[in-house]
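Participant: This is what each chain is made of:
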Amino acid sequence: MSRFTRRDFLRIAGAASTASIWTSPADAADKKTAAKKSAQVVVIGGGFAGATCAKYLKAADPSITVTLIEPEKKYVTGPLSNHVVAGVRKIENISIGYDGLRKRGVQVLHDWATAIDPGKRRVALKSGKSLAYDKLVVAPGIELKWGAIKHYTDVAAVAMPHAWKAGSQTLRLRDQLAKMRNGGTFIITAPQNPYRCPPGPYERASLVAHYFKRNKPKSKILILDAKDAFSKQALFLDAWKQLYGNMIEWIPSSKGGIVTAVNTSRMQLDTETGVKYRGDVINIVPPQTAGSIARMARLTDDKGWCPVNPLTFESKKFKNIFVIGDSAVAGALPKSAFAANSEAKIAANAIVAELQGQAPAEASYINTCYSLVAPDYGISIAGVYRVTAEGISEIPGAGGESPKDADAHFRADEAKYALGWYASIVADIWS
Amino acid sequence: MKPGAFRFVVVALIIAASACQTTPPPSDPSTPTVTPTAPDTKPAATSPVVKTVEPIKPITPEMARNLANNCFTCHGPAGKSPGAIPSLTRFNASDMAVRLKRFKNGEDASTIMGRHTRGYTDTELEAIAIYIAGLKK
Ligand SMILES: Cc1cc2nc3c(=O)[nH]c(=O)nc-3n(C[C@H](O)[C@H](O)[C@H](O)COP(=O)(O)OP(=O)(O)OC[C@H]3O[C@@H](n4cnc5c(N)ncnc54)[C@H](O)[C@@H]3O)c2cc1C
Numbered sequence: 001m002s003r004f005t006r007r008d009f010l011r012i013a014g015a016a017s018t019a020s021i022w023t024s025p026a027d028a029a030d031k032k033t034a035a036k037k038s039a040q041v042v043v044i045g046g047g048f049a050g051a052t053c054a055k056y057l058k059a060a061d062p063s064i065t066v067t068l069i070e071p072e073k074k075y076v077t078g079p080l081s082n083h084v085v086a087g088v089r090k091i092e093n094i095s096i097g098y099d100g101l102r103k104r105g106v107q108v109l110h111d112w113a114t115a116i117d118p119g120k121r122r123v124a125l126k127s128g129k130s131l132a133y134d135k136l137v138v139a140p141g142i143e144l145k146w147g148a149i150k151h152y153t154d155v156a157a158v159a160m161p162h163a164w165k166a167g168s169q170t171l172r173l174r175d176q177l178a179k180m181r182n183g184g185t186f187i188i189t190a191p192q193n194p195y196r197c198p199p200g201p202y203e204r205a206s207l208v209a210h211y212f213k214r215n216k217p218k219s220k221i222l223i224l225d226a227k228d229a230f231s232k233q234a235l236f237l238d239a240w241k242q243l244y245g246n247m248i249e250w251i252p253s254s255k256g257g258i259v260t261a262v263n264t265s266r267m268q269l270d271t272e273t274g275v276k277y278r279g280d281v282i283n284i285v286p287p288q289t290a291g292s293i294a295r296m297a298r299l300t301d302d303k304g305w306c307p308v309n310p311l312t313f314e315s316k317k318f319k320n321i322f323v324i325g326d327s328a329v330a331g332a333l334p335k336s337a338f339a340a341n342s343e344a345k346i347a348a349n350a351i352v353a354e355l356q357g358q359a360p361a362e363a364s365y366i367n368t369c370y371s372l373v374a375p376d377y378g379i380s381i382a383g384v385y386r387v388t389a390e391g392i393s394e395i396p397g398a399g400g401e402s403p404k405d406a407d408a409h410f411r412a413d414e415a416k417y418a419l420g421w422y423a424s425i426v427a428d429i430w431s
Numbered sequence: 432m433k434p435g436a437f438r439f440v441v442v443a444l445i446i447a448a449s450a451c452q453t454t455p456p457p458s459d460p461s462t463p464t465v466t467p468t469a470p471d472t473k474p475a476a477t478s479p480v481v482k483t484v485e486p487i488k489p490i491t492p493e494m495a496r497n498l499a500n501n502c503f504t505c506h507g508p509a510g511k512s513p514g515a516i517p518s519l520t521r522f523n524a525s526d527m528a529v530r531l532k533r534f535k536n537g538e539d540a541s542t543i544m545g546r547h548t549r550g551y552t553d554t555e556l557e558a559i560a561i562y563i564a565g566l567k568k
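Protein chains in written order, with my numbering: chain A, 1 to 431; chain B, 432 to 568.
Hints in this document: simulated from the structure, not taken from any laboratory.
It is possible that some hints are incorrect.
[As the list claims (entries may be wrong)] What follows is a set of in silico ranges between Cβ atoms, one per label pair, in the way DEER data are often shown:
no.: 1; chain 1: B; residue 1: Lys567; chain 2: A; residue 2: Gly97; range: 55 to 63 Å
no.: 2; chain 1: B; residue 1: Asp526; chain 2: A; residue 2: Asn309; range: 35 to 43 Å
no.: 3; chain 1: B; residue 1: Pro513; chain 2: A; residue 2: Glu362; range: 24 to 32 Å
no.: 4; chain 1: A; residue 1: Lys213; chain 2: B; residue 2: Ala515; range: 21 to 29 Å
no.: 5; chain 1: B; residue 1: Ser518; chain 2: A; residue 2: Asn93; range: 40 to 48 Å
Predicted model only: the values in this text are computed from it and were never measured.
Note that CB positions come from ideal geometry on N, CA and C, so glycine has one too.
This is chain A alone, in the form it adopts within the complex (with noise of 0.2 Å):
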């Protein structure tokens, strides 16, 4: 039931019309002229988490100057990159300039952060320059653990790519399955939770074996798993055995899915309970932790993720420090681009409520991870949150995944919309 008054309607109606995400360059130049002394608000990475809160900041507050930390001059997304896998999407459509952003009056720096000082609130650049903040956002994303799966290293990746940061890997990966034999075997490992889209490992053994039914179908499809259970999965074993027959089959953990060791020379796996397998082609998503930066600021807890307060985003170890995306201990949220961009939202505004002297307004995050099982079959799992005081916590009776017995138009229309929300994210943030 609601109670809206007159004036509360005109309050939020008001807020929205001034809300400035939609003001000009030139609007936003005018204030912040006006404005006495600009604060300072520097973002370390460019990727989901980190350009939506310096868009978002930008928004809710022309006067501040927002300077964006991100090495890379293309930013080439997660979503859709097992479609460049699969070879059904070029690269090129999943990478993103950072123009839009400088239209926003966001001053993008192509740098890497190698320091943080919480006390001087500085930020050191490889460049040699430094700059000061009044409050710094941390979203570097993920490291992947090089050695907590044996010899396997960066060096290892060349043979056996993790394709888990898009760009040169995903391409690494596609090649290798262009080349393999009709009739060779593709490995593909997983790792134990939490880590970076958790469906994503099974979206990417769907796709391939699309691509596999089409060119190479004599082929076959290992998961070797490191959990007993994953994101969709009665929606992805289904679909698999409706689209792929007998192609794909999945090793749980305890049916000696746990990968110990790689051997590069002869690509084969070594297994907990001893078994060895061997892979044409061998994908390992190794476990991972907070990207470097956060663990050398010490950010990070004993697990390797940073804790932060739910209703903002402020790290837990240090004021005036905010670690959103897949770097942060977000509670239920799990570590997507979708959750990135909505964590990034509340960051964004609690800043500014905190740089004007105000308390943060209450928080509210959401969720939806589609997957791909073809390019015509898709399907998701969505959440709502809530700060309770367990943390963030998905409200029960919203959210869930798609029907199980959905027929062949729901699960066109979900891939028609996993398509969409790409484009409207990457609209959200970067345009």
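Given chain A, work out where chain B with the ligand should sit, using these hints.
Facilitator: Same frame as chain A, now just chain B with the ligand:
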């Protein structure tokens, strides 16, 4: 009259009322003056004074923004979608509120909007609609 239609009328009324309003209403701001929608749940028989089962929590403009910003991840910046997901720009606040509540109650079929709208109170859905419809097009 279907509940959705009833809500439409009431929400439309406040919008009409607010459109005529050039200055804030003179009433005490802490006293709710308009109740735009019918209660979701019947009052408990034993205590006729209970007006609602939802906690009455004022929704500030800042909270409305926090709620509504989440919509743009799928529906595009300011609700303007560049792809296959419908834009929100064609809705006024009352139409959007009605539609959101119909998704929530299962009156309108959806692939995913039902799953999302069930995470909000009716009041929150209305605040989202008012905020998004109020954005500059
Ligand atoms: C195969 C695959 C499929 C996926 N599919 C989906 C999907 O369908 N939906 C979904 O929601 N999510 C998906 N994801 C997950 C998504 O990619 C991540 O959750 C998301 O990228 C997290 O955003 P982030 O900003 O935290 O990290 P990132 O996107 O990794 O961004 C971090 C950025 O920080 C920069 N950086 C790192 N260190 C520094 C430094 N020291 N100084 C300056 N910059 C630095 C990096 O260059 C990078 O650009 C997928 C991931 C993969 C791998």
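Participant: Each hint needs a verdict: does it hold in this structure or not?
Facilitator: Taking the hints in turn, this is what the structure says about them:
1. Range check, lysine 567/B to glycine 97/A: Cβ separation about 26 Å, and the 55 to 63 Å hint is violated.
2. Range check, aspartate 526/B to asparagine 309/A: Cβ separation about 37 Å, and the 35 to 43 Å hint holds.
3. A beta carbon spacing of about 30 Å between proline 513/B and glutamate 362/A agrees with the range 24 to 32 Å that was offered as a hint.
4. Between lysine 213/A and alanine 515/B the C-beta distance comes to about 25 Å, which sits within the given range of 21 to 29 Å.
5. At about 22 Å, the CB distance of serine 518/B to asparagine 93/A disagrees with the hint of 40 to 48 Å.
In summary, the structure is inconsistent with hints 1 and 5 from the numbered list given earlier, while agreeing with the others.
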